[in-house]
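Visitor: Residues per chain, in single letters:
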Amino acid sequence: MDLEYLKKSPLEKFYFNFKNFFKRLPSSFAAFFKAIPKKLMKIWLAFTGIFVNIGTAAKKGDWKTRTSFAVMGFGFICRKQYLRGILYLAFELLFVLYMVFFGWKYLVKMGSLGEIACLEEWDDALGVFTYKFYDNSLLILLYSLLTIFIMVAFVYVWYQNVKGNFLSQQFEEAHIRLATSKDDIRSYADQNYHKTLLSIPILGLVVFTVLPLFFMVFIAFTNYDKAHMPPHELFSWTGADNFVTVLGGGVSANSKIFAYTFGEVLLWTIVWAFFATFTNYILGMVVAILINKKGVRFKKLWRTILVMTIAIPQFVSLMFMSQLLADQGLINNLLLKWGVIDKAIPFLTDGTAARITVIFVNIWIGIPYSMLICTGILMNIPQDLYESARMDGAGPVTAYMKITLPYMLHVTMPYLITQFIGNLNNFNVIFLLTGGNPSSLDMQFAGKTDLLITWLYKLTVSESQYGIASVIGIFTFAVVAVFSLILYNRSKSVKNEEEFM
Amino acid sequence: MANLSLKHIYKVYPNGTKAVNDFNMEIADKEFIVFVGPSGCGKSTTLRMIAGLEDISAGELKIGDVIVNDMEPKDRDIAMVFQNYALYPHMTVYENLAFSLRLRKLPKDEIHNLVVQAAETLGITEYLSKKPKEMSGGQRQRVALGRAIVREPKVMLLDEPLSNLDAKLRTQMRAEISKLHSRLNTTFIYVTHDQVEAMTMGTRIVVMKDGFVKQIDTPKNLYKYPANKFVAGFIGTPQMNFFEGTLRKDGNDVHIKFANSDAEITVPCSKLDKVRPDYLNGETTVYMGIRAENISIDRVEVGRSKAVVKVRVSHIEELGSETLLYGDLNTDGDGISDSLTKVIIKDVGNGDYKAGDIIEAALDTDRIHLFDRQTEDCILPRIPEYNYLDCTVSGGTLNFSGESIALPPAIKCADGEYELLIPVDAFKVGKDISVNVENCEDICGIKLLSAKLNGKMLYAVVPGDVTEKSLKLDVDLKKITLLKDGKKVVEPMPAVNCLDGIFVKKKTKKQAEENGKFKTLKATEFSLETEGRQFVVSDTLAQKLIAALGVKKAFTSPLKIECGAHSLTFGEDGISARAEGMLDYGKEKFLKCNVGGKYVYLLADRDYEGEVRIVPDLDKVGIVETERNIRII
Amino acid sequence: MKKYRSKKGAEKLSLALIYTVLTIISVIWLLPFLMLIILSFRGEQAGMSADYLFPRQWSFDNYIKLFTETKFLNWYGNTMLVSVVVTVVQTIIVLVTSYALSRLRFKMRKPLMNVMLILGMFPGFLSMTAVYFVLKEINLTQNLFGLILVYSASSAMQYYICKGFFDTIPKSLDEAARIDGASRHTVFFKIILPLAKPIIIYTILTAFIAPWGEYMFSSFIMLGNPDKFTVAVGMKSWLDNSTMASEYFTIFCAAAVVVSIPITALFIWLQRYYVEGVTGGSVKG
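Protein sequence lines, in the order shown, are assigned to chains W, S and D.
Going by our numbering, the residue at position 246 of the first sequence is 246; the numbering climbs one at a time, nothing skipped.
When you read off a place in the second sequence, starting at 1, and then add 501, the result is the number in our numbering.
When you read off a place in the third sequence, starting at 1, and then add 1134, the result is the number in our numbering.
Keep in mind that the hints were calculated from the coordinates and are not lab data.
If you're wondering where the values come from, they're calculated on a predicted model, not measured in any experiment.
Hints may be right or wrong, so weigh each one.
Unchecked claim - Straight-line distance between alpha carbons at most 25 angstroms, and here's what the computed PhoX-like set of lysine-lysine pairs gives:
hint, chain 1, residue 1, chain 2, residue 2
1, W, K7, W, K19
2, S, K1008, W, K59
3, S, K1008, W, K39
Given only the sequences and the hints, what does the whole structure look like? Please build it.
Guide: As structure tokens, this is what we get:
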């Protein structure tokens, strides 16, 4: 069968694979769904395992272990593992203090997001009416989320405490030497070194990325906008209204326009990402090949000219370009003066022209970068491949199509994927060059060249449409995630991380 | 400077594959052990477990007298040489050598002395200020060795250290490593896939394949007595010739017929008397192996030999001192395709032959190896399992080879002719039969006695050297088997009883006297629970179990407890069992009883009936973890 | 012989073609920057609608104005401060994270990498509002420290290229060191870091350059406080409306030159490491 396959011409092979793909589709679907119960079972086992562990610790633990259920670290302290014990105890105390004096107050209001925002009250001292602020929906949401995070962390630490205490008990009973405080400290430079190294980076990630993300996801389910701005106003839960609005199912007239805008912007985002990625990649490779061709002199000079342009901050070149290409910009003026054209070219003011312009400017910005990457890899292609191809009678074009391109695609797949995903979220090029303009009447707060990310920016910064913006953000994530999943699954090289070690 | 002990070492990956299976070995101080095998056989994994770079899934690893299972590599006092040298590229050779000493916070002068000394030993003094990348492969290898020896470790581990060198350098470094070993007086463990390296360097070699140890022995014994076809084929160049064939016993001769060829040779029966008789029926296909140097084409030799085959020469390799002839036993074959009739002959004389000739070759019948076709194990082992004899039973007496023994009540069978299987370990100096001692050889620490019993060869394992010319032996009748037409009529009593169990712990209070006062002390008691009864185990056994299974799993893993008939006794607190009958072997009596549906045999001093209670002697049992099938004791 | 010559001829022709193309490309790439420099020396006030390139009056007026009449020097200082601090913090975090993910084996390693991959798919700006209010609560909005915090807090997610580099350092080096008696901490400082010089420089370089060109976060956090602008936000504010733009256009050019010079110099100096980092990190799969 394999030999049969090898005999086929490329077209037949394609047809064969195409047919097989659909033939196999049902069975691969079946396999996928068959795997689900197994996965679920695994998760369920891990989940129940937690309770089993706690149960065993409760049943078989001695009084020291059992006391640790309430007084964290108690067992450790009794077993002379002071450092651990004290840290656990301190954590518990801090948690209780936090909950009593801070967390609790916000958590109870999470359901309503506050009742009174502010009242006008008579200020005796000043003799005027002043605003007195009470509930701030924003802070309530933010702090109750923070409290939930801390509670989850507490439960995790508590579980570790129970497990650890029980393990210490078991060790003691088995006459195995327990780790002393000194051992613990030393282990943080060795066996537990990852905890030492990663605690601060992860804390930063949780506070400044994960928590805000959760916050914004929750905001998507509220009516937080210009009309509901804390601290003067409250905002409240509105369920999936914002999603309905963006998808065009809302009752307001805006909803239809939102849906239309979303569709337009999404489509353009994908088109943009595709063209921006591939034009850069292909042209960058061509330039690299030209520079690296045998016999071309001053290789270093050509390369340095291009690399220098990477060094100049992007915002400088982008803003300068936007000035040059304006309707009354230098380029149009020069061309008009020389009589090449008799009407200014609307580089940035006509929808279609602007879209083409940003792609071209992006090529100008991006080629040096992709050229650099391609140069490195081109030099790694074994020369004997070309030599044997030439002996087999391949010309330069064939050699490029059969050797260079497949090799490059294979090796740079991860780069291409990250580039594509980066371009889906490419804020700078669009915002600094066109600002998303030209604006369009049939679109809501978005222009012809706006990407999802710049639209999101506008909705937040200039329109204060936080709820809607969050929905757009979530959709942007969905788009990026879908593309990443498809692309990463397509490229096998990403998976074999360990093989390269 | 330490001995190593590996007991039931396993490496099991999370997906269930076992990279190393039940690795058992005692390594004495100053030995040079070589692990050899094809890639993926688990040799490197074993080495890395010894180094502490991989976790040990189960088992007990001791360096010196310390269990090091959970010890960090840096605390094990070992040194390792890596295949790619693993020299620190940013440090000079001096710094590379001094690195470990500096981490141990030795004084500067001492570090300097040790580094210089190690550099002198290896002749790399002039490179001390160089960086590794300025050096050649051979020099780097020396630095890597130097880094290992500089702190005088207890054990040196070498992971394919020569495979990145070219052939000439490899031979040279091989000799140097051997020299280094004799100078340092340290235990060396060396991993390689190259059998030549293994044979030339090791004092003992461990041959591994697919995670299993295939054989552990000295180079000479591996070459002469391979335990299975894999070892036979792996050791020695050119590779041993393997053929398929059948063995047919005919009077005092055994005819060996080669498959796919007309070749047939005759071997005297006495040379194959360790082979199980059912291989000699002329139907069972077996593998035969013979090395190229044990085939002769010398005219005189051929004329004298009874084992002559015709070979069609297909190809000749002239090596100067000797000639390799490639041929085919099947004179119609082409001699090139990898068939089981292909043969390589090493000729030291100057025979006149050319490709296409059909020549006669004599096989050295003392050097024929035979292997089972399924298991590939050697069927001509150095220590046979059984003695195979013909016997008759008449009126309660067993007659064989002119001797007769009264059968005990436990063995009941009708009169008639039978085949008798007596295990080699079923003999004891006594009075039943008298034999003439031929030889007593030491095979890996086991003394094997070969003796003649009225002209019939008999093998017996004996505890010590035998110097007498003739000897009287007792036969342990509970171990014998009687066969009729291939069917077992009398079976030996099972040597091992299996019980399911689990390891448990329990808190107890005990009274102890301290400073003249009685105090109640709390302690933990460990026991094995089987059939609803708990038996307290010794602390050493408990620690072994915990070490092997880990604290968390030790008390939940199901275990299989194996105990022999002699390690079970009757006792008040024992497992309840129902007596099902007595087995009377004359000198010893055994009780067969039923424990929860399983039969258990134990030594009994009198007859028992009804319910009995039995107690295992936990210091003599074997324990296997059933979930992963891992032997612990 | 004839064939040989013709082959040589064809080669010459193709070389000539390549040189032409390369020259054109170089011009296209350099011209805007040359224009930028030329415009920065324009002495007369001609706004954007001038239809000539070379100034009628060459002068340093733009530069003088830049440093005396605008807040540029202030912005420059802000950006420099932010850059330097972010560089230090981010480099440390990236190195530490990469080492942990590349060399240490712990249960949460794979999940952590997956979580970071997923976090990277969210548009960074989405979380900005929340971060803004967090910063506001601790009085760090319109504050450079707040900006530093935002830039460096999620540095861990930049681990990918650096980890790729660490992955290429043979594992046996770690193992040899651990057998020699080193703890994982010692391995990191004594073995891995000395070998990671190219990637350290690459990380420093990228971390240092990023704040100079970043607009999205800084504009949002510094909204309404021109004293705390970074150069990108400040210079963009000059061009936001057309009346200002025509007045400030040439000053903008001068500022652009001033911003570009140190970074370009740094870049050309460390080019080798940058190229190594880019090519090494992006192709490893």
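Visitor: Next step is simple, just say for each hint if it's right about the structure.
Guide: Hints, verified against the model:
no.	hint	in the structure
1	W:K7 <-> W:K19	holds, 17 angstroms
2	S:K1008 <-> W:K59	holds, 14 angstroms
3	S:K1008 <-> W:K39	violated, 39 angstroms
Hint 3 from the earlier list is the only one contradicted by this structure; the remaining hints agree with it.
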